[in-house]
Structures are given as structure tokens and as C-alpha cells.
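Colleague: Sequence:
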Amino acid sequence: MLNADALKQLTQLKTEIRSSKEFAEGRVRGSSGKFGFIVLDDGREAFLPPAEMDRVFPGDRVRVSLTEEEQGKLTAELDQLIESNLSYLVGQYIQRGQGHFIQPSEQGLSRWIFLPPKARGKAQPGEFIACSIARHPFKDGKSQAKVESVIGKPDMAGIEHAFIVAQHRLPNQFSEAALAQAASIPAILETLCAERQDLSELGFVTIDAETTRDMDDALAVTAAENGWNLHIAVADPSSLIEPGSPLDKEARQRANSVYLTGETLPMLPASLCENSFSLLAGELRPALVLHIAVGADGALNGFEYEFAAIRSRHKLSYNQVARFIEGDDNAVPADQYQSLRLLDSLSKARASYRAGHSLMMEDRPDYELVLNEQRKIERIEKQERTAAQRMVEEAMLAANICAGEKLAEIGTGCFSIHLGFRDERMAEIRALLKDVLPAYAEQDLHQLEVYLQLVKELESSEDAEMKNVLAVLKRMLRPGELSNKAAPHLGLGLAHYATVTSPIRKFNDLHNHRALRAAQAGGELPSLNDEQGEALQQTVATGRQADRALQQWLYCQYLESKVGEEFTGKITLVNGAGIGVRLEENGINGFVRFNGKKNPFEFDGKRLRISRGEERFQLDQEVPVKVSAVDTDKRRVALELVVNTPEEQADSLPAQSKDTAS
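Numbered according to the numbering used here, the sequence shown spans residues 3 to 664.
In short, the hints are calculated from the structure, not lab data. Every value quoted in this text rests on a predicted model; they were computed, and no experiment measured them. There could be a bad hint or two in this list.
[What the hints assert, rightly or not] Taking CB as the label site, the calculated pair distances span: (1) P118 - R46: 30 to 40 Å; (2) N591 - R387: 14 to 24 Å; (3) P156 - A225: 55 to 65 Å.
Backbone N, C-alpha and C define an ideal beta-carbon position, used for all residues, glycine too.
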């Protein structure tokens, strides 16, 4: 037994050891293995051994002590749990002997979590379940979960959809108060429309996909002395859904309609977005009507708006309008010939104008996923964009550009902004530009005019190297954002942009309608504070993540029977481990992992290139690949390059690479 002096010396020794250590705070990042990492507040990263990772969850904020290992690498030891936000997770119920667990789907959480007997409810092994965290391992020594609900069995039709909805906690039921308010709206629609000017004589029609039922915009075009007058009628729920009402609260919580593959989770009840507010042919509906003067050169020369009523004459599909533009007069009603031809001319002029004054979006094909009775992919149909889709797109862009300028002028609204390059990548960006376009290396690349000029110079270049630089720079851009403050949209090359054309699908559009109505009436302008704007942005992002997660799951199932099949793909990602490839036939993404031991290669991180002998792989390059493996549980598609003859390899390389190879 230690005496008092020995205990005092031991305590002093522990204190000295502790004072000599470096302590820091950060967040836990999991991995596909049992280990993890701590992303420190100062930007450094420390390794978290498996025994330590067992005591925390991904996302936990912790205090750690740091030890420097070989080559300056850091290893962390947990000292304190500061906060843990993981309170809910979904996964599969697993039984191993007498042990019952949930195998979580949470990214970076690779271990099972114990389900005590009283926490299992009526759930059965093998089922997908949603759970709450009952015990945190740092505090209680062992993590435990409690079953909150059963999602379904693995063989249930549409289990993937149900799982993704539960995983992302997407709301899929409306409150009784919201449904009651929705039921009261049809009775007052007629009165509202009767109080407004009827603009139906302008000849509005809707142009959407054949299956679309929530039609929130209709178009009409008339000729002007030096161009066209574009009239866009947009559904007007803002006049009947007041801020703070049950429907407003539901719409704000959802933020937008989530279009999952084979299923829609609407922002408003279906009775409203598919009927009462939908611009159905032959039905009088309240609308925000935008009048835009478009010059013969495609410039936007004037903008006015009013809250009126309209009756759409026809529901036209993209396919019908495309066939008409291609010369089939029988594809659409005769009373639409002139308006659609004017819209076609207007859209071409607008596209030409935007190509010269702003930036054009990449024209990618769409992929329709056709599901079977089990709601799994039966086939994937590649659909090239039609002239009709481009016509409608130009009209919507014009409407949102004008609305963005107007809202910026009145000083309120919810703006769609894009701030250009990521701040943390600016050193890499400037180093790359110093090599190829040194005049831009020291300029403020966040300024619209500078960014616009840089991109246009790269786009206009015929040099393959410049094309690659542009592709590399695009991978260093921030995502678009929603903001309550007016700011440029660098991705579109515009000073201001705010969407108003989908108010029954997007809350920010509904908010912008309210702002325009208040400005017209001279009332108090509505606004979103920073917290509300951030919540809206996060909810929109969650919906997109859910759709991507569902598609990736379905894609993996679809490709399980296609292992060994060959495809042509385009490189979309290059890193030190290999290349990401998007298959042209079906739009599915996979990864080709390079084996440096068998075939040594060099990775050029500045230009995102991999060189292997005479082969070079870079962004946007076409490559032949085959599906080598599919891991549906981890949602991964492994590809491998198809070995071609030297002549075929040379044909697949960009021009500059061919010169090098020869």
C-alpha cells in the first residue's frame, strides 16, 4: 500500500505528464474501418485508434491530447466529450447468438450498437429499424440504442424509399390543421379570381412532362416592335397561405417538394399543388403574372408584374412542343402555332445573348428510371434535352433574373447565390492560374466580372490544356446557396438571381411572391433572418442528399446483374487513388481504383491527372470501362478500365496527350 509521500509523488508525476501534453478540440470523423480521425479546429487532423473510436460517434465534439508520431503524424487520445449530436439513426436489426444489435447506416459508424431486451419493441431480426441513442459509450462505457419504429422487411416493395425517408427524417404526413386549411381553400378560389383582372386572352399554355400534375407556370408570347413580350403566369399560393398559418408552417418545415425516384413528397398537400393551385387547362386560377420585354438581340429590356387570374388553354408536353418545332403541325392545337414559334425564336435569342453576356449551363442528358412493381429499376432511359425544354428553361431563367433584380432593388427576398471558388482551395487555384493564365493569379476571383472573364477565356480556348484547366477549376467551386441578402450568382454569371416560378414546390419562391406582393401594395416587407435562411438551406440540401442516396442504392441493385459488362464513360473525378467515371448509357457513377504496385502511376494534383506509362487520364475524358464489382450494402460500384489496342488507346486521348504518346 502506497504511503502519503508516494501518493503525492504519483499525483505530481501525473500532473507533470498532463501539463507536457498538447490538448486540442475538434470533431470526430469516422472511416470505413474501426479507426477514425479528429478534425481539429486549427485544420490539422489526428488519427484516432480503434479503442478510442469505440468510445465516440462520428460528429462528436471532443477534447483530445495529441502525440506526434513518425513523419509528424498526430495520434489522439480522448480527454473529454464536449457534445454529441447523434440521437437518431437507422439500420438493420442483427442478431448474433444471444446478442441483438442495430447495424447503423450512419456514415463513418462501422460498429454495431447493442439493443437491450426492453428496447427492442416488436422489431424482429432482419428488419430495417429506426432507433434513438439510449447510452453514449464515452459516458456509459457501452453504447445502447432503443427501437423507435420498424421501417420494414428487406423484401418489402419500396423498402429503399421507406428507409431513405426514415434515414433523412423527411416529413411525409401533414398535420390535421394543415389539411383542414387546405380543404377550405377551393371554396374561396372563385371569389379571389373574380376580384382580379382576367388575363386569359393572352393565350397561356403549360408545357411540362406528360406526367406532371403540379403545374406552377404557364407561358404566352406576343410579338413586339423590336422583339417579343414574354408573359409568364405563376401559380399564386401566397395570396391564400398567410405567414404563420398551418400550411405556412408545413411548407417552411419541408422547404421544397422532394422528388425521390418514383415518389414525390410535396411541400403542400396534393389537393392544392395538383388541383387548387395547379394551372390546370380550362380552370381559372389566381396567378402572379410577369411581363418581360425581350429585345430582338435577346436582351431583357423591361419588367412588370401583377397579381391577376388566368385560364390556361392547354396542357402541352415537352414531346408535343418538340415535335411541333421540328415540323409536325399536328402535334399541338392550331391556336398555339404563332405563340410557340415566337417562343422558339425568343429562346434562341436569349440563349445567344446569355452566351455572350453571362454563363451557360452544361447541356447534359436526363436519365429516367423506370421502376417495376417492387419499385426497383427495371430499365434506365437516356433522354437528350429537347428544343421544348430549352424554350421553357429560357423563359424561367428570364423570369428569375428579372425577379432577382427587382427583389435586390426593394431590399428583401430569398436569393439564389453562388460565390464562386471555395476559399480553402484558393492557393491551389492561384498556383494553377500562375502556370496557364498568370494575369488572373493575383486578381479577386470572387468578383463577378473577373470570374466571368476568366471562365469565358477558358471556354473560348481551343487548347486542350485550357479545357482541362476549366474542368479542374469547376471542381473547386462552392455549391449554390440560398441567402436573404442579394449577392451575385457566379455560376450563371449574373449579378442577381431569385427564383419565383415554383411557389407550390419551393418555399423560397413562395416567400419571394410575398415580398413582391408587399412591395406592390406598399406594405411591410417580409424577411428571413439568418437562422431561418440557414435552416431553409439545410432542409433543401437534406432532400437532395436523400434523392442521391436512394438513386445510388437502386443503381447498385440494378448493376448487380451487369458485372462484367462494358460501357463507355466520362471521367468526372481524379484523385490519388484512381478515377471516378460516369457511364454514358445510364448516368451511373463508379470508381476505377489504380494499383500502384502492379502498374506504377503518377498523380498530378494540380491538374487532376493520372499518368501511367504512355496513358493519361484527366477530367471529361472518355474511357472504356467494365463493371468489376458491386457492393450494394456499402452502395459502391467498382469499375476497371478495358484494355484496348494501342491504336484505340491513342484515339481516346486528348490531342495533347496523343502527341506525347507518339
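Colleague: Hints numbered earlier in the text: which of these fail when held up against the supplied structure?
Modeller: none
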